[in-house]
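Protein sequences, first through last, are from chains L, G and A.
Each residue of the first sequence is one higher than the one before, counting from 252 in my numbering.
Each residue of the second sequence is one higher than the one before, counting from 603 in my numbering.
Each residue of the third sequence is one higher than the one before, counting from 3 in my numbering.
Just to be clear, a hint being listed does not mean it is correct.
Claimed, not checked - Subject to a maximum C-alpha distance of 20 Å in a straight line, what follows is the list of computed SDA-like cross-link-like pairs (lysine to any residue): (1) L:K499 <-> A:S148; (2) A:K153 <-> L:S503; (3) L:K387 <-> L:R360; (4) G:K635 <-> A:K145; (5) A:K439 <-> G:N737; (6) G:K638 <-> A:N43; (7) L:K330 <-> L:K387; (8) L:K564 <-> A:E134; (9) L:K499 <-> A:N160; (10) G:K732 <-> G:T631; (11) G:K638 <-> A:D19; (12) L:K529 <-> A:P146; (13) A:K145 <-> L:Y532; (14) G:K635 <-> A:K448; (15) L:K524 <-> A:N160; (16) A:K260 <-> A:Q422; (17) A:K448 <-> G:G733; (18) A:K147 <-> L:G477; (19) A:K145 <-> L:E474; (20) L:K564 <-> A:L132; (21) G:K690 <-> G:V658; (22) A:K448 <-> G:E742; (23) L:K499 <-> A:K145; (24) A:K139 <-> L:M390; (25) G:K638 <-> A:R29; (26) A:K448 <-> G:N609; (27) A:K499 <-> L:Q483; (28) L:K564 <-> A:P135; (29) L:K529 <-> A:D19; (30) A:K147 <-> L:S503; (31) G:K638 <-> A:P146; (32) G:K651 <-> A:R25; (33) G:K635 <-> A:D19; (34) G:K635 <-> A:R25; (35) L:K564 <-> A:S122; (36) A:K499 <-> A:L360; (37) L:K378 <-> L:I338.
Claimed, not checked - Rough simulated footprint, nothing fancy, chain G against chain A, three-plus residues with beta-carbon under 8 Å: (38) 23–32; (39) 432–445.
Just so you know, these hints were derived from the structure itself, not from any lab.
Since this is a predicted model, take the numbers as computed values, not measurements.
Positions of the beta carbon are idealized from the N, C-alpha and C atoms, including for glycine.
Listed here are the chains, written in short residue letters.
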Amino acid sequence: MLKEGQIRIPSGCAISGIFSKSGKRVSGESIIKSIATMHDRSNGLGGGFAAYGIYPEYKDYYALHVFYDGDTSQEECEKFLERHFDIINLSKIPTRKTPRITDAPLIWRYFVTPLPTKLAESQLDEKEFTARCVMKINMGIDGAYVFSSGKNMGVFKAVGYPEDVGEFYKLEEYSGYCWTAHGRYPTNTPGWWGGAHPFALLDYSVVHNGEISSYDANRRTIEMYGYKCTLQTDTEVITYIIDYLNRKIGLSLEEISGVVAAPFWQVINSMPKEENEKYTYLRNVFSSLLITGPFSILVGFEGGMMALNDRLKLRSMVIGEKDDMVYAASEECAIRVIEENLDRVWSPKGGEAVIATLNRGVI
Amino acid sequence: MKRVYVNEQWCLGCHLCEYYCAFANSNETDMVKALKDIVIHPRIQIEQKDNISFAVSCRHCEEPLCVKGCITGALSINEGVISVDQNKCIGCFTCILCCPYGAISAGDESIIQKCELCTNNKHGSPHCVKGCPNNAIVFEER
Amino acid sequence: MGINYLYQEYEVSRNMDRCINCRVCERQCANEVHSFDKDKNIMRSDDVNCVNCHRCVALCPTRALKIVKTDHTFKENANWRGSIINEIYKQAESGAVLLSSMGNPNNYPVYFDKILLNASQVTNPSIDPLREPMETKVFLGSKPKSIQRDKDGRLINNLSCGIELSVPIMFSAMSYGSISYNAHESLARAAKEAGILYNTGEGGLHKDFYQYGSNTIVQVASGRFGVYKDYLEAGAAIEIKMGQGAKPGIGGHLPGAKIVGDISKTRMVPEGSDAISPAPHHDIYSIEDLRQLVYSLKETTNYKKPVIVKIAAVHNVAAIASGIARSGADIIAIDGFRGGTGAAPTRIRDNVGIPIELALASVDQRLRDEGIRDNVSIVVGGSIRNSSDIVKAIALGADCVYIGTAALLALGCHLCRSCQTGKCNWGIATQSPELVKRLNPDIGFKRLVNLVGAWEHEIKEMMGGMGINSIESLKGNRLMLRGVGLSEKELQILGIKHAGE
Numbered sequence: 252m253l254k255e256g257q258i259r260i261p262s263g264c265a266i267s268g269i270f271s272k273s274g275k276r277v278s279g280e281s282i283i284k285s286i287a288t289m290h291d292r293s294n295g296l297g298g299g300f301a302a303y304g305i306y307p308e309y310k311d312y313y314a315l316h317v318f319y320d321g322d323t324s325q326e327e328c329e330k331f332l333e334r335h336f337d338i339i340n341l342s343k344i345p346t347r348k349t350p351r352i353t354d355a356p357l358i359w360r361y362f363v364t365p366l367p368t369k370l371a372e373s374q375l376d377e378k379e380f381t382a383r384c385v386m387k388i389n390m391g392i393d394g395a396y397v398f399s400s401g402k403n404m405g406v407f408k409a410v411g412y413p414e415d416v417g418e419f420y421k422l423e424e425y426s427g428y429c430w431t432a433h434g435r436y437p438t439n440t441p442g443w444w445g446g447a448h449p450f451a452l453l454d455y456s457v458v459h460n461g462e463i464s465s466y467d468a469n470r471r472t473i474e475m476y477g478y479k480c481t482l483q484t485d486t487e488v489i490t491y492i493i494d495y496l497n498r499k500i501g502l503s504l505e506e507i508s509g510v511v512a513a514p515f516w517q518v519i520n521s522m523p524k525e526e527n528e529k530y531t532y533l534r535n536v537f538s539s540l541l542i543t544g545p546f547s548i549l550v551g552f553e554g555g556m557m558a559l560n561d562r563l564k565l566r567s568m569v570i571g572e573k574d575d576m577v578y579a580a581s582e583e584c585a586i587r588v589i590e591e592n593l594d595r596v597w598s599p600k601g602g603e604a605v606i607a608t609l610n611r612g613v614i
Numbered sequence: 603m604k605r606v607y608v609n610e611q612w613c614l615g616c617h618l619c620e621y622y623c624a625f626a627n628s629n630e631t632d633m634v635k636a637l638k639d640i641v642i643h644p645r646i647q648i649e650q651k652d653n654i655s656f657a658v659s660c661r662h663c664e665e666p667l668c669v670k671g672c673i674t675g676a677l678s679i680n681e682g683v684i685s686v687d688q689n690k691c692i693g694c695f696t697c698i699l700c701c702p703y704g705a706i707s708a709g710d711e712s713i714i715q716k717c718e719l720c721t722n723n724k725h726g727s728p729h730c731v732k733g734c735p736n737n738a739i740v741f742e743e744r
Numbered sequence: 003m004g005i006n007y008l009y010q011e012y013e014v015s016r017n018m019d020r021c022i023n024c025r026v027c028e029r030q031c032a033n034e035v036h037s038f039d040k041d042k043n044i045m046r047s048d049d050v051n052c053v054n055c056h057r058c059v060a061l062c063p064t065r066a067l068k069i070v071k072t073d074h075t076f077k078e079n080a081n082w083r084g085s086i087i088n089e090i091y092k093q094a095e096s097g098a099v100l101l102s103s104m105g106n107p108n109n110y111p112v113y114f115d116k117i118l119l120n121a122s123q124v125t126n127p128s129i130d131p132l133r134e135p136m137e138t139k140v141f142l143g144s145k146p147k148s149i150q151r152d153k154d155g156r157l158i159n160n161l162s163c164g165i166e167l168s169v170p171i172m173f174s175a176m177s178y179g180s181i182s183y184n185a186h187e188s189l190a191r192a193a194k195e196a197g198i199l200y201n202t203g204e205g206g207l208h209k210d211f212y213q214y215g216s217n218t219i220v221q222v223a224s225g226r227f228g229v230y231k232d233y234l235e236a237g238a239a240i241e242i243k244m245g246q247g248a249k250p251g252i253g254g255h256l257p258g259a260k261i262v263g264d265i266s267k268t269r270m271v272p273e274g275s276d277a278i279s280p281a282p283h284h285d286i287y288s289i290e291d292l293r294q295l296v297y298s299l300k301e302t303t304n305y306k307k308p309v310i311v312k313i314a315a316v317h318n319v320a321a322i323a324s325g326i327a328r329s330g331a332d333i334i335a336i337d338g339f340r341g342g343t344g345a346a347p348t349r350i351r352d353n354v355g356i357p358i359e360l361a362l363a364s365v366d367q368r369l370r371d372e373g374i375r376d377n378v379s380i381v382v383g384g385s386i387r388n389s390s391d392i393v394k395a396i397a398l399g400a401d402c403v404y405i406g407t408a409a410l411l412a413l414g415c416h417l418c419r420s421c422q423t424g425k426c427n428w429g430i431a432t433q434s435p436e437l438v439k440r441l442n443p444d445i446g447f448k449r450l451v452n453l454v455g456a457w458e459h460e461i462k463e464m465m466g467g468m469g470i471n472s473i474e475s476l477k478g479n480r481l482m483l484r485g486v487g488l489s490e491k492e493l494q495i496l497g498i499k500h501a502g503e
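Isolated chain L, as found in the complex (with noise of 0.2 Å):
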């Protein structure tokens, strides 16, 4: 059978999101119990979770996050890194035996900051240099995949169901003010822990529920700006369009729902002219970024979290908020599962972006 990055893999599946806006940072028991509610929209073939603010002793370094298949490809990464970056910390990320979660590869941790020779010598900022870095080794260094790779934030992610996932990681040990988690119902066997969701990139992280038709005409040309789609999945695709985006070209969250789930025609054609303009704008200069088919995705950042439905809402996706806490799931269960009295419950429409950020002064 073939995995991902050698196949193109739809999978349905179940998301789930908590954000405190006050930067209250909590455990990762709440995210688990919520995803835990959404068993049957998986089917054991990935879960995982990514969870902003849980490094704040390093929260000036590159977290990043490594899967090995054995001692060579960690040789090899290693040696990589020891290049590029200057190490202040590496270790075995904790994980508990669990039964449910079996053949696991080598998973390590190591916080980096670039070398500030290489760095000079590339040209290039810090966050496109580590980009690039991670890239690098994700496709070049056979059986080592770098699948976190953000400043105090993390993914976690195997095959398995999810709160089995968050289990084998012992979540409960960590805490954010920000969680994101996924069950993966994929449509093949045998799933590979690199794909399961989150992706992420940087600061970036994505879970996902869909399957969208857009996929080639968004990696071909995510691709010409210097991406490389290895693992051939939406997800990895809508990360790499939102750093695209939001990093290089420096349009924002709201801008890029404008893009990537634009309004209709005959929405923005009712506009107020400088509406209309925008619109028009956005879809005219980035229109092979528009995605098309049913997805429901949580965009985690620093700072924020994003939730956005595709243009027809062809996904379900409910959103709660209660005090200063903003929680965005596949099925509203699994917001009343952690949250029985919220203040508020909606189900955002098609192409509306649901943006949620600290409030000022926080961290």
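Could you slot chains G and A onto chain L? The hints should help.
Using the frame of chain L, we list chains G and A on its own:
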């Protein structure tokens, strides 16, 4: 009222209108059966000289001289369409002489024939117009 | 008479039981095939002159006529086929280059017919275009590499001028001269009605059609006929014609006999003198020269008109396109080897150039590999035959297609491939007034609008089936395509997988 109008610019002189007219007024259902081995006497006729051609048929005048001139009352206006009552026509051909457009002709059985916009046959609307390949004759309100 | 080496290719078959002697066939045949025998009271035909254009067949009110291929034959020979032998007879007689019209009719592979489309099942829903919006609007032109904001942070529109189309279809270049005034009027009016563009071709723009300027592409070809400031400013875009799929590397020649009246005025060529388009532009012998012309045209029109560079699909089309994408051009038009023409040397038409599907796939990939795909839009032509060809072309990477032959077919053309005779019975490829009037633009434009509208519906159906509700998500979406019966190499060039993979 809708009438048959001629767009001389688009007339190709193909004469198909004449054959569709003859067929429409034959009461046959098959054009071959209706028109094979006969000389047709269509109610619309192509006038042609050099490169100019156009179809001529009854214009259904609002104050028609033919109706005025008809000595038996065989010609009358019904909802704008000038029609012939075959039982009343005695074949005096006064109308043929009266019509300034030459749109009336002698038909079979010594009585006259003229375009009645196919209201008098099973087609119901002008068959010449349907048969024209180039919109050179049209049936419309003007 | 001497020896007649040639036997007619087609025979008129007349069902005498159905013929009513209406003589419409006789009146409508400019080749004088039909005649009426008064003595015997029957219609006769002289098949020698028949070009198989079906005008008589289409107008015969009793369907008494059909045209059949003659069964007269040479001794069978898979190598020296009858058509090859006949061509030798013709050339031995005339001493001349063989001329042909319309696209290459030979039996080369049609890759569009070996590509199949995808549809959604279970894992994502198909979308019903009757119930949901289904968008086909496209913008052509180069895209900015970065955004700019004003002091309040609002996005500034930094797009250079482009083209907006309601569907990714344009009528390809056909000059006034090669086709009739009425054909041009039909195309111009249809383009306006359908929200698309037509192309003047190299014969200038008749003054009557300046009113359709916003739906017009004005062409600048090697002969520069009819080119002056007002002309350049009249259109929505300017196309530099470097080549044509039917005759790459070859110029054009409109005989002086056709340079009469309005054609002479529109082309700005004296009456009676031949209008010769040189094979190359004599001010463009290299890519840097092309860049100069691109910018000359932009300067002339104040950078308000996008510039299209049209090339024939030849062997190293990808490298040429890469050069064009860096020349300042906004749009590249590529014309495949099956593209039509009013007249071309037969050997050139049938043997030069490559299929548009392969050219498109390699150009799109090359521009992406070089990171310059956003510099230009790609328009492809050269035998786009139906809406599924369009969907496949867009999925291979085109922004839009040009249709020429299909548009002429909508106007009545029956592909008899005799345009070079100037005796088009359908009033399209002729300047003879009594033939030109056979094409009533009121009918012609409506038929074109119908065709574009029908294809738009079909494109939407196919997109909906794939779960795509906006055409930009189809562009370059090669995973929506699968090949059947193609070799590894062909699949690799097309950048698609084989069916079943």
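Each hint, compared with the structure:
1. Of the pairs offered as hints, the one joining L:K499 and A:S148 holds, with about 9 Å between alpha carbons and a cut-off of 20 Å not exceeded.
2. The hinted pair formed by A:K153 and L:S503 meets the criterion: a straight-line CA distance of about 16 Å does not exceed 20 Å.
3. The hinted pair formed by L:K387 and L:R360 meets the criterion: a straight-line CA distance of about 17 Å does not exceed 20 Å.
4. Pair hint G:K635 plus A:K145 does not hold up; C-alpha atoms about 66 Å apart against a cutoff of 20 Å.
5. A C-alpha spacing of about 11 Å is found between A:K439 and G:N737, which places the hinted pair at or below 20 Å, so the restraint holds.
6. Proposed proximity of G:K638 and A:N43 is supported: the alpha carbons are some 11 Å apart, at most 20 Å.
7. With a C-alpha separation of about 13 Å, the suggested pairing of L:K330 with L:K387 holds against the 20 Å cut-off.
8. A distance of roughly 12 Å separates the Cα atoms of L:K564 and A:E134; the hinted pair therefore holds under the 20 Å criterion.
9. Only pairs whose Cα atoms come within 20 Å are accepted, and L:K499 paired with A:N160 is accepted, the gap being roughly 17 Å.
10. Taking the CA atoms of G:K732 and G:T631, the gap is about 16 Å. The hint holds against a cut of 20 Å.
11. With a C-alpha separation of about 8 Å, the suggested pairing of G:K638 with A:D19 holds against the 20 Å cut-off.
12. In summary, the hint linking L:K529 to A:P146 is supported, as the alpha carbons are separated by about 15 Å, within the 20 Å threshold.
13. Distance restraint check for A:K145 and L:Y532: the Cα-Cα separation of roughly 10 Å lies within the 20 Å cut-off, and the hinted pair is therefore satisfied.
14. As the CA atoms of G:K635 and A:K448 are separated by approximately 34 Å, the hinted pair breaks the 20 Å bound.
15. At most 20 Å may separate the alpha-carbon atoms for a hinted pair to count; L:K524 and A:N160 meet this at roughly 17 Å.
16. Between A:K260 and A:Q422 the CA atoms are separated by roughly 11 Å; this keeps the pair inside 20 Å, and the hint holds.
17. For the proposed pair A:K448 and G:G733, the alpha carbon gap of about 18 Å is at most 20 Å, so the pair holds.
18. Our distance criterion of 20 Å between C-alpha atoms is met by A:K147 and L:G477, whose separation comes to about 14 Å.
19. Of the supplied pair hints, the one linking A:K145 and L:E474 holds, its CA atoms being roughly 17 Å apart against a limit of 20 Å.
20. In summary, the hint linking L:K564 to A:L132 is supported, as the alpha carbons are separated by about 17 Å, within the 20 Å threshold.
21. Taking the CA atoms of G:K690 and G:V658, the gap is about 25 Å. The hint is violated against a cut of 20 Å.
22. Restraint check for A:K448 and G:E742: satisfied, since their Cα atoms lie roughly 18 Å apart, inside the 20 Å limit.
23. Only pairs whose Cα atoms come within 20 Å are accepted, and L:K499 paired with A:K145 is accepted, the gap being roughly 16 Å.
24. Between A:K139 and L:M390, the direct Cα distance comes to roughly 37 Å. Violation of the 20 Å bound is thereby established for this hinted pair.
25. In summary, the hint linking G:K638 to A:R29 is supported, as the alpha carbons are separated by about 19 Å, within the 20 Å threshold.
26. The hinted pair formed by A:K448 and G:N609 meets the criterion: a straight-line CA distance of about 18 Å does not exceed 20 Å.
27. The suggested pairing of A:K499 with L:Q483 holds, with an alpha-carbon distance near 15 Å, which does not exceed 20 Å.
28. With a C-alpha separation of about 13 Å, the suggested pairing of L:K564 with A:P135 holds against the 20 Å cut-off.
29. About 69 Å separates the Cα atoms of L:K529 and A:D19, which puts this hinted pair outside 20 Å; it is violated.
30. Only pairs whose Cα atoms come within 20 Å are accepted, and A:K147 paired with L:S503 is accepted, the gap being roughly 17 Å.
31. For the given pair, G:K638 sits about 70 Å from A:P146 by alpha-carbon distance, which is inconsistent with the 20 Å threshold.
32. This hinted pair checks out: G:K651 and A:R25 have alpha carbons roughly 17 Å apart, not beyond 20 Å.
33. For a cut-off of 20 Å, the pair hint linking G:K635 to A:D19 stands: about 10 Å separates their Cα positions.
34. Between the alpha carbons of G:K635 and A:R25 the distance comes to roughly 17 Å, so the proposed pair stays at or under 20 Å and holds.
35. Taking the CA atoms of L:K564 and A:S122, the gap is near 17 Å; set against the 20 Å cutoff, the hint holds.
36. Proposed proximity of A:K499 and A:L360 is supported: the alpha carbons are some 14 Å apart, at most 20 Å.
37. Taken as a hint, the L:K378 and L:I338 pair is honoured in the structure, with Cα atoms around 16 Å apart against an allowance of 20 Å.
38. Coverage of a stretch by a chain is defined here by at least three residues with a beta carbon nearer than 8 Å to that chain's beta carbons; for the segment 23–32 of chain A and chain G the count is 5, and the condition holds.
39. With 7 residues having a beta carbon nearer than 8 Å to a beta carbon of chain G, the segment 432–445 of chain A meets the requirement of three or more and the stated coverage holds.
In summary, the numbered hints that this structure violates are 4, 14, 21, 24, 29, 31.
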